[in-house]
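*Asks:* Chains as they are written, first to last, in the UniProt record's numbering: chain A, 1 to 145; chain B, 1 to 145; chain C, 1 to 145; chain D, 1 to 145; chain E, 1 to 145; chain F, 1 to 145; chain G, 1 to 145; chain H, 1 to 145; chain I, 1 to 145; chain J, 1 to 145.
Keep in mind the hints are simulated off the structure, nothing from the lab. Wrong hints could be hidden among the right ones.
Listed next, the in silico DSS-like pairs over lysine-lysine satisfying Cα-Cα at most 30 Å (straight line) [as the list claims (entries may be wrong)]:
#1 K117(G) / K100(G)
#2 K3(J) / K3(G)
#3 K117(G) / K100(H)
#4 K3(F) / K3(A)
Everything numeric in this text was worked out from a predicted model, so none of it was measured.
Read off the chains here:
Number of protein chains: 10
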Amino acid sequence: MLKNIPPLLGPQLLSTLRAMGHGDEIVIADANFPAEFLGPLTMRADGISATDMLEAVLTVMPLDEFVDEAAIGMAVVGNPDAREPIYDAFQDIITRHEPKMSFTTIERFAFYDRARKAAAVIQTGESRLYANIILKKGIIRPSAA
Amino acid sequence: MLKNIPPLLGPQLLSTLRAMGHGDEIVIADANFPAEFLGPLTMRADGISATDMLEAVLTVMPLDEFVDEAAIGMAVVGNPDAREPIYDAFQDIITRHEPKMSFTTIERFAFYDRARKAAAVIQTGESRLYANIILKKGIIRPSAA
Amino acid sequence: MLKNIPPLLGPQLLSTLRAMGHGDEIVIADANFPAEFLGPLTMRADGISATDMLEAVLTVMPLDEFVDEAAIGMAVVGNPDAREPIYDAFQDIITRHEPKMSFTTIERFAFYDRARKAAAVIQTGESRLYANIILKKGIIRPSAA
Amino acid sequence: MLKNIPPLLGPQLLSTLRAMGHGDEIVIADANFPAEFLGPLTMRADGISATDMLEAVLTVMPLDEFVDEAAIGMAVVGNPDAREPIYDAFQDIITRHEPKMSFTTIERFAFYDRARKAAAVIQTGESRLYANIILKKGIIRPSAA
Amino acid sequence: MLKNIPPLLGPQLLSTLRAMGHGDEIVIADANFPAEFLGPLTMRADGISATDMLEAVLTVMPLDEFVDEAAIGMAVVGNPDAREPIYDAFQDIITRHEPKMSFTTIERFAFYDRARKAAAVIQTGESRLYANIILKKGIIRPSAA
Amino acid sequence: MLKNIPPLLGPQLLSTLRAMGHGDEIVIADANFPAEFLGPLTMRADGISATDMLEAVLTVMPLDEFVDEAAIGMAVVGNPDAREPIYDAFQDIITRHEPKMSFTTIERFAFYDRARKAAAVIQTGESRLYANIILKKGIIRPSAA
Amino acid sequence: MLKNIPPLLGPQLLSTLRAMGHGDEIVIADANFPAEFLGPLTMRADGISATDMLEAVLTVMPLDEFVDEAAIGMAVVGNPDAREPIYDAFQDIITRHEPKMSFTTIERFAFYDRARKAAAVIQTGESRLYANIILKKGIIRPSAA
Amino acid sequence: MLKNIPPLLGPQLLSTLRAMGHGDEIVIADANFPAEFLGPLTMRADGISATDMLEAVLTVMPLDEFVDEAAIGMAVVGNPDAREPIYDAFQDIITRHEPKMSFTTIERFAFYDRARKAAAVIQTGESRLYANIILKKGIIRPSAA
Amino acid sequence: MLKNIPPLLGPQLLSTLRAMGHGDEIVIADANFPAEFLGPLTMRADGISATDMLEAVLTVMPLDEFVDEAAIGMAVVGNPDAREPIYDAFQDIITRHEPKMSFTTIERFAFYDRARKAAAVIQTGESRLYANIILKKGIIRPSAA
Amino acid sequence: MLKNIPPLLGPQLLSTLRAMGHGDEIVIADANFPAEFLGPLTMRADGISATDMLEAVLTVMPLDEFVDEAAIGMAVVGNPDAREPIYDAFQDIITRHEPKMSFTTIERFAFYDRARKAAAVIQTGESRLYANIILKKGIIRPSAA
């Protein structure tokens with residue numbers, strides 16, 4: 001463990017978040033997500049909820065203000081307008097760290113295609129359905145360095 | 001060996017089944033199947049029948065209820081309507097674990113193409129012909145976690 | 001996830017437990033334990049308590065009845081007779097799975113030396129001090145296969 | 001599969017037996033044997049009995065006539081004179097392939113030490129206890145080539 | 001060496017032939033064939049003739065009866081109807097092992113393209129020109145297992 | 001870059017510091033230090049001073065309070081009592097982060113031997129002589145997690 | 001360190017610059033640049049400014065006189081004519097080493113695409129925005145060898 | 001060193017030349033050639049002239065008589081008819097080893113594209129410009145074996 | 001194949017012989033020799049006799065004149081004075097290439113120990129017993145370069 | 001090539017010299033030296049003389065002034081007082097770069113043992129006997145950085 005860094009962020013995850021640059025994306029996935037054979041590096045977080053992981057990641061990583069959608073979830077299959085409870089939980093955490101940012105969703109297979117290009121996928125033990133989220137990294141400005 | 005886990009599932013196979021997510025596929029192949037040069041990871045199960053392996057896999061892995069066909073075999077070459085005895089043996093095992101699921105077949109080279117995208121191929125020592133089956137993994141719902 | 005297997009056991013951990021044989025040892029370590037540079041394979045379980053991990057491991061892995069001590073913790077530095085609360089928590093879980101087995105402790109550096117020969121170390125996010133335990137795997141008898 | 005070669009011998013096992021030379025040793029181990037972390041390459045044969053594997057190996061591999069003991073098992077812990085039923089099963093198979101050779105045993109930890117220097121360990125799914133055997137390869141004379 | 005297995009088949013070649021399945025192809029190439037940079041695994045057999053190698057391979061590997069051409073050579077450059085002496089030597093060996101099979105030829109660069117998809121290329125020391133042959137593996141039926 | 005983490009700590013260094021446990025050591029070395037062939041992983045920090053690096057590391061990593069010496073430098077060759085200016089610079093930074101800790105020194109070759117067992121060496125571009133320091137990681141107590 | 005070689009050029013960077021040939025490109029990137037997942041080898045230079053790095057690289061590496069643009073930066077997003085202060089800093093350094101060469105810019109995503117084909121990316125700790133530059137290597141003529 | 005083999009041909013180069021077959025190509029490149037990031041294996045020959053290397057290679061490797069152009073250089077950029085002195089030096093060496101073969105040239109980027117498919121590139125220390133040559137390997141006929 | 005180099009010497013063997021220096025040793029072993037698990041790199045030469053291989057090796061590699069014994073065989077087990085026919089065959093070939101050199105023998109296990117330190121072992125298909133020989137490489141003097 | 005860096009120093013050699021620190025050693029060896037199987041990384045410089053290589057290395061690398069012997073050659077076997085011409089050639093080059101340093105020699109096998117601990121061995125094509133030299137790297141002082 002290190003001082004002032006969320007303990008949920010292990011060595012490899014911390015390294016990945018630090019290595020990502022402007023516009024790179026990372027996925028927080030639920031326990032059923034087909035992560036390991038998708039392509040990107042998969043980091044296991046069995047037993048951890050997707051919301052706890054989102055909280056830890058946003059504590060250190062800024063979201064991208066250059067685009068409209070920097071936190072993207074997976075829409076319900078066959079019912080794209082459905083509002084899953086996990087969506088609100090995600091939005092609450094995002095709002096706390098990035099007040100102006102909205103959580104949006106895309107269709108299941110579009111989500112997979114986008115996740116295939118991510119820097120990494122964090123597979124949590126989250127058992128709630130549709131608890132997947134893509135996060136696009138922002139920049140840190142000189143004054144904030 | 002571990003408690004309450006079918007002994008046929010060795011370390012690598014258990015790991016693969018655990019790593020697979022919703023929609024990922026695994027192939028149980030007979031002894032003549034061209035597995036090793038196909039692309040996916042091949043796990044050997046020389047001396048084991050395809051039916052014993054299917055029984056062991058379905059004991060721990062759910063099939064995908066989001067699609068119509070989650071257990072797909074290889075049709076007889078030149079006679080797609082032929083009903084091989086192994087098909088019934090596969091259907092019996094599937095029915096026992098997933099009562100509503102049907103075993104269907106596709107043409108030989110279509111089977112190869114689909115197998116190429118599988119997470120892995122388990123090459124058994126099964127000597128009966130056409131004893132190949134693709135299994136599509138389902139999800140485990142919160143209540144079942 | 002798989003049916004009837006504790007979700008805390010991810011692909012690599014499940015594979016390791018399955019690969020271990022009679023007398024092989026695995027370490028469940030707390031968040032401060034110097035695991036990564038010790039020698040054996042380290043598996044991360046950041047955010048998970050040592051007791052939850054012990055519960056999950058003993059659900060599938062038998063302890064060794066051929067030896068007197070199959071569950072060994074780390075004694076308090078400078079006070080080997082001290083009884084840390086975590087010891088009782090460990091003993092309770094062990095008793096539930098292996099009624100006749102006792103939890104014992106050894107000195108810190110003796111613990112490190114023994115851990116160096118383990119099959120693997122699971123580094124949990126456990127923040128309680130002295131929450132480290134070595135588990136020696138037992139056998140599964142023919143009748144239990 | 002190949003013509004006239006026992007189907008139990010998969011690609012890697014066949015390769016290993018072929019690569020071994022005069023005096024090299026291979027271990028056939030039961031399901032509880034601590035093989036994977038012992039040192040030598042481990043080949044899995046989950047679901048296969050130790051006797052079926054012994055039969056397959058001796059079909060292609062000669063035993064060493066330069067030494068007195070070329071087929072060595074593990075003695076019962078705490079009772080070195082005990083005669084386990086598996087010993088007779090081993091002796092029968094050996095006698096069929098190498099009429100003059102005897103099956104002998106050594107103590108458990110001496111067995112481990114010797115196995116550590118073997119070319120490989122075949123971990124079967126054998127659930128009978130003490131079903132472990134070390135085989136020392138012999139030569140093939142010019143007339144037999 | 002092993003009992004009843006042609007000594008020309010070394011560990012890696014034996015392993016490859018055993019790993020190949022129905023329809024997989026292997027190439028026996030002469031000493032001038034551009035094997036090493038073609039793509040597939042190359043196994044060296046310097047000093048061995050292509051005909052001795054063909055004899056050894058067909059002793060253990062069946063040819064594919066599902067296709068019309070399972071043993072394909074390289075036609076003479078600029079003279080596709082020319083009949084090289086090596087062709088007859090190949091046909092004799094094939095006929096001995098697979099009485100109904102014919103040796104046919106394809107054009108040089110078509111041969112290279114097909115060889116690129118082979119499981120492996122065995123580069124012999126054969127100095128006769130056009131001594132290259134692609135072999136397509138057949139199946140072993142239950143009765144023959 | 002990440003929020004609230006010193007920018008000098010790149011992906012691999014952050015990962016290493018996070019992976020280190022109680023008692024593990026890391027070396028900050030000057031530009032002349034023989035780091036790359038010493039044994040441990042070497043991380044380059046060309047152009048960075050040893051003092052800036054020490055400041056960055058101690059911002060996130062606690063020193064070990066279980067031992068008397070947790071920050072050890074290299075004594076001047078042939079003059080072990082000499083007090084190099086860099087020593088005071090090191091002590092000032094240490095005091096700011098760990099008020100009770102002292103900087104001590106050991107002889108050059110003893111320093112090399114101890115560095116050989118470190119988790120890693122950070123090779124800075126520091127051109128001042130004797131600007132090498134070994135840091136021993138401490139623990140983070142439950143209340144501080 | 002070596003005599004007469006800028007200390008900022010560490011082992012791997014020096015090796016890369018030496019290995020590059022006529023027309024090969026290298027990127028000096030700022031701290032927010034998405035370097036690590038872009039494709040080319042990334043070399044870290046945390047804590048170093050882009051201008052110091054440019055100075056060091058041009059001390060040993062000639063720019064390409066066969067093309068019009070051998071030093072290319074990234075244009076401001078949404079304002080391609082904007083003139084960032086860093087551009088002048090870059091031009092000054094270039095002019096000192098290569099008097100006839102001009103610094104030009106291309107659009108952000110065109111920059112990424114070109115960077116993907118570079119020999120390597122040096123990720124500096126530069127916090128000024130738009131401090132990215134692609135350098136195309138020139139030749140050294142016989143008289144200058 | 002070996003008897004009767006040009007000392008310029010080191011272990012890896014000798015191995016590559018021996019492994020090449022009919023029609024495979026190797027490139028001898030000058031010191032400015034962009035070899036290392038082109039694709040094929042690069043072998044360094046710093047300090048060696050292109051002509052000495054050509055002499056050594058042609059001592060052991062035959063050129064391809066099945067094609068019209070088996071020794072191809074790079075034409076002068078912007079002046080394809082220019083005749084560089086190095087061309088004559090190349091032709092002299094070729095004529096000595098392969099009396100009927102001519103040296104021809106192709107355009108710079110066509111040369112790069114062809115070099116990308118070569119078995120390897122030998123990067124010499126040649127400082128003369130345009131001292132690059134692609135060599136296509138021929139066959140050795142039975143009588144010459 | 002290459003001009004004027006024995007065809008039996010394939011790419012890897014040629015590379016190894018070229019890489020060896022003064023005093024390095026290589027072993028030519030018969031088909032029963034336990035080569036693959038001995039330690040050094042093993043090169044297969046299935047189907048080739050030990051004498052043909054010795055002839056090919058000595059054509060390019062000088063023996064060491066700085067020692068008394070540069071060509072050492074394995075003595076008959078239990079009868080160190082026995083003179084196997086293969087010994088004379090070895091001596092004849094040696095005498096042809098190195099007129100002053102004698103073939104000597106050492107005991108079986110001493111042979112194994114020395115072979116363990118060799119640069120490589122060439123495993124031939126030689127079926128004659130005791131057809132093993134260690135060769136110690138000599139130097140090439142300036143006049144002979 | 002790079003500006004102001006001796007062209008004989010290729011990418012890997014430059015990287016190695018840069019990575020070496022105070023007291024690390026590198027060996028320049030002649031063509032007969034047993035370098036490749038000695039242990040350290042070997043870099044080939046076939047066709048280059050040992051004296052040209054020494055000249056290039058000392059142009060960038062300082063020798064160690066903390067020890068009496070920083071440039072050590074190999075004494076003539078059986079005649080340790082013999083003065084080979086190459087010794088004077090070495091001394092001349094050393095004197096030019098490091099006026100106060102002397103060239104000394106040690107016995108052949110002592111030389112091998114010391115070379116085994118070197119950072120690397122540069123194997124030149126030098127055909128003069130006893131043209132081997134170990135160089136111990138010095139430091140660059142702050143004023144010289």
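*Asks:* All the hints need checking, so say for each whether the structure fits it.
*Replies:* Structure-based check of all given hints:
For the suggested pair K117(G) and K100(G), the alpha carbons sit about 25 Å apart, so the restraint of at most 30 Å is met. Between K3(J) and K3(G) the alpha-carbon distance is near 14 Å, which keeps this suggested pair within the 30 Å criterion. For the proposed pair K117(G) and K100(H), the alpha carbon gap of about 41 Å is over 30 Å, so the pair is violated. Distance restraint check for K3(F) and K3(A): the Cα-Cα separation of roughly 14 Å lies within the 30 Å cut-off, and the hinted pair is therefore satisfied.
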